[in-house]
Amino acid sequence: MEKKKNSSAIEKVEQKVRDKVYDNNQEDSHYWQKRIDELEDHIDKLYEIILFRGQEYAKAMTYLQEKGLGEEYKARLKEIEARLTNSDKDK
Numbered sequence: 001m002e003k004k005k006n007s008s009a010i011e012k013v014e015q016k017v018r019d020k021v022y023d024n025n026q027e028d029s030h031y032w033q034k035r036i037d038e039l040e041d042h043i044d045k046l047y048e049i050i051l052f053r054g055q056e057y058a059k060a061m062t063y064l065q066e067k068g069l070g071e072e073y074k075a076r077l078k079e080i081e082a083r084l085t086n087s088d089k090d091k
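Sequential numbering of the sequence shown, starting at 1, is according to UniProt numbering.
Source of the hints: derived by calculation from the structure; they are not laboratory data.
The reader is advised that the hints may include incorrect statements.
Calculated lysine-lysine pairs in the BS3-like style (CA-CA distance at most 27 angstroms, straight line) [stated by the list, open to error]: (1) K89 to K78; (2) K67 to K45; (3) K59 to K78; (4) K45 to K59.
Bear in mind that the values here come from a model prediction, so they are computed numbers and not experimental data.
Make the full structure from the sequences, and use the hints.
Below you can see the structure in the form of structure tokens.
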């Protein structure tokens with residue numbers, strides 16, 4: 001009889017441990033899913049910013065081309081990029 005009581009007490013403790021581990025795993029799963037969702041939202045926002053900037057760049061280039069300033073802008077942009085590249089090398 002004593003062994004049976006000990007056995008059932010051990011089984012109850014083991015079940016409680018299994019339940020606690022399961023609960024912790026569920027909490028971890030929810031935590032990571034929430035983090036993944038937040039990161040996906042952040043990526044979507046960044047994509048929208050990049051898309052918007054691309055559209056604005058295209059509008060600006062169209063305007064400059066219409067005014068005959070497109071080539072001058074591209075030349076200035078190359079000069080700036082060259083200066084930035086050289087300043088990075090100096091560091």
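Outcome of the hint check:
1. K89 to K78: It holds: about 17 angstroms lies between the C-alpha atoms, which stays within 27 angstroms.
2. K67 to K45: 33 angstroms, violated
3. K59 to K78: Roughly 19 angstroms between the alpha carbons, so the hint for K59 and K78 holds.
4. K45 to K59: 21 angstroms, holds
The structure fails hint 2 only (numbered hints given earlier).
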